[in-house]
Amino acid sequence: MPIPQEFLKKMQSLMKQEEYQEFLDSLERPRLYGLRANTIKIKAEELCRILPFSLQRIPWCEDGFYYSQEIEPGKHPHYYAGLYYIQEPSAMLPATILQAKPGEKILDLCAAPGGKTLQIAAQMQGKGLIVANEIHSERARALLKNVEMYGATNVLVTSDTPWNLAQKFPLYFDRILVDAPCSGEGTFRKDKEAIKNWEKFSHEKCSSLQIEILQEADRMLKEGGFLVYSTCTFAPEENEKIIQSFLERKKNYELCSIPKDFGIENGRPEWCHNDDRMTKVARLWPHRLEGEGHFVSFLQKKGNADSPRISPLVLPKGNPAYSKIYEDFVRKNLTLQPQGVPLWHDKSLFLLPCEIPDLSGIRVLKFCWYIGQIEREEFEPSHSLVCALSKNSLQKTIDFAYNSEEITRYIRGESLKRKGEKGLVGVCMDGYTLSWGKYSADMLKNLYPKGWRKMS
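Quick note: the sequence shown, position 1, residue 1 per our numbering, numbers continuous.
Incorrect hints may have been included.
Said to hold, decoys possible - As a list, the in silico PhoX-like pairs of lysine-lysine whose alpha-carbon atoms are at most 25 Å apart:
| # | residue 1 | residue 2 |
| --- | --- | --- |
| 1 | K250 | K10 |
| 2 | K332 | K190 |
| 3 | K10 | K196 |
Said to hold, decoys possible - Ranges between beta-carbon positions, derived for each pair:
| # | residue 1 | residue 2 | range |
| --- | --- | --- | --- |
| 4 | Q21 | K251 | 33 to 43 Å |
| 5 | S208 | E378 | 25 to 35 Å |
| 6 | L14 | A401 | 47 to 57 Å |
| 7 | S440 | Q337 | 22 to 32 Å |
| 8 | P4 | K347 | 51 to 61 Å |
| 9 | S26 | S348 | 46 to 56 Å |
| 10 | D306 | S26 | 20 to 30 Å |
| 11 | E28 | Q339 | 49 to 59 Å |
| 12 | D346 | A142 | 23 to 33 Å |
Bear in mind the hints are in silico, worked out from the structure with no lab data behind them.
Computed from a prediction, not measured in an experiment: that's the story for all the values here.
Think of the CB as a built atom: it goes at the ideal place given N, C-alpha and C, for glycine as much as any other residue.
Work out the full structure: start from the sequences and follow the hints.
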């Protein structure tokens, strides 16, 4: 699909002729492909060692790597074990700049499909709280799947408006990421749908929404906290001009400089009334580096006032009989006690990493780590439980090589003819947990989630 002529004319008017030609040439080159090691489960060096294809490091993300198009890592068994996340290289910069720390409270306000949420979760290593919000239900389902598959236990997933969230989280978060909905011009090279939809998402509509989202983000950010605002578009109306407008309205914010290494460039003050502050923001251009188009800004909210006391979620008293059934499950199947604050929701058990606010009226899709539920007087463990545990955390396991016929069949949803002690077992691949299975007679029953199975 051809790139819209109106877009090209605008970019030509903004750039000098020599740069415009370089930019135009870059749009004709093939897109770049990237993946990021899921360091919740595996170190980046170890991932490089075990994968049967080569990777080249992405310079602005220590856990990110380029791969060749023909590899198709989304069909590889290590993908199904959650050892890496497939993500466009430039899209790895915003969470890198956010610099989340273990123990902090973080908000990813426009989170689907979840790549940046998972990058933040890896930085925090299970300590602290991440609220990942996605207002669109369809996209929120992808976010849910990815949070579970990659073993992120401290992510509370919501699907609500920024305004509603701000009622429950006033001045609550240490850091907020707003990867804002935008016109998507930076993705033209990789996403033909973005080209098709470009005229629908006018800069006026997008910028109006972006300002609204930032205003609500401000209400939720602590004094002294940090805010990253990013887009995957080239339009100054959605980038420098948004930040300039926000700073004019919010005098208690200041821009922090983003390092300009590896081909990352300054913002363009000349596109924003020669506002020199825009040299502190970052632009990623396809004609300057190995990645797609992106804009990233990093702001700090000045002040050090204490945040208001927020009414905590009152944890319902769980049924003692259910708790006993769960403890029996742990004793018989695990080598450790999963850590967290228990939250029983009817017969379902979640573990929270810390106290959370009362979220009545908020559409919560997942209260952090879903452990499982009581069914017919037994505890049925969730897939998210096994995804977040190591092989050593399970008493009974069966381990297959990544290139074995058994693994190929298992991720397709097939049960395997295999003898074993009747009951639950952790199915692993080269030492990494993949799923639950259940021995019955001479069969290993497949418990890999139906909607996640490899179809070809």
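**Study point:** Numbered hints the structure breaks, given as an ascending list
**Key:** Numbers 1, 2, 5, 10, in rising order.
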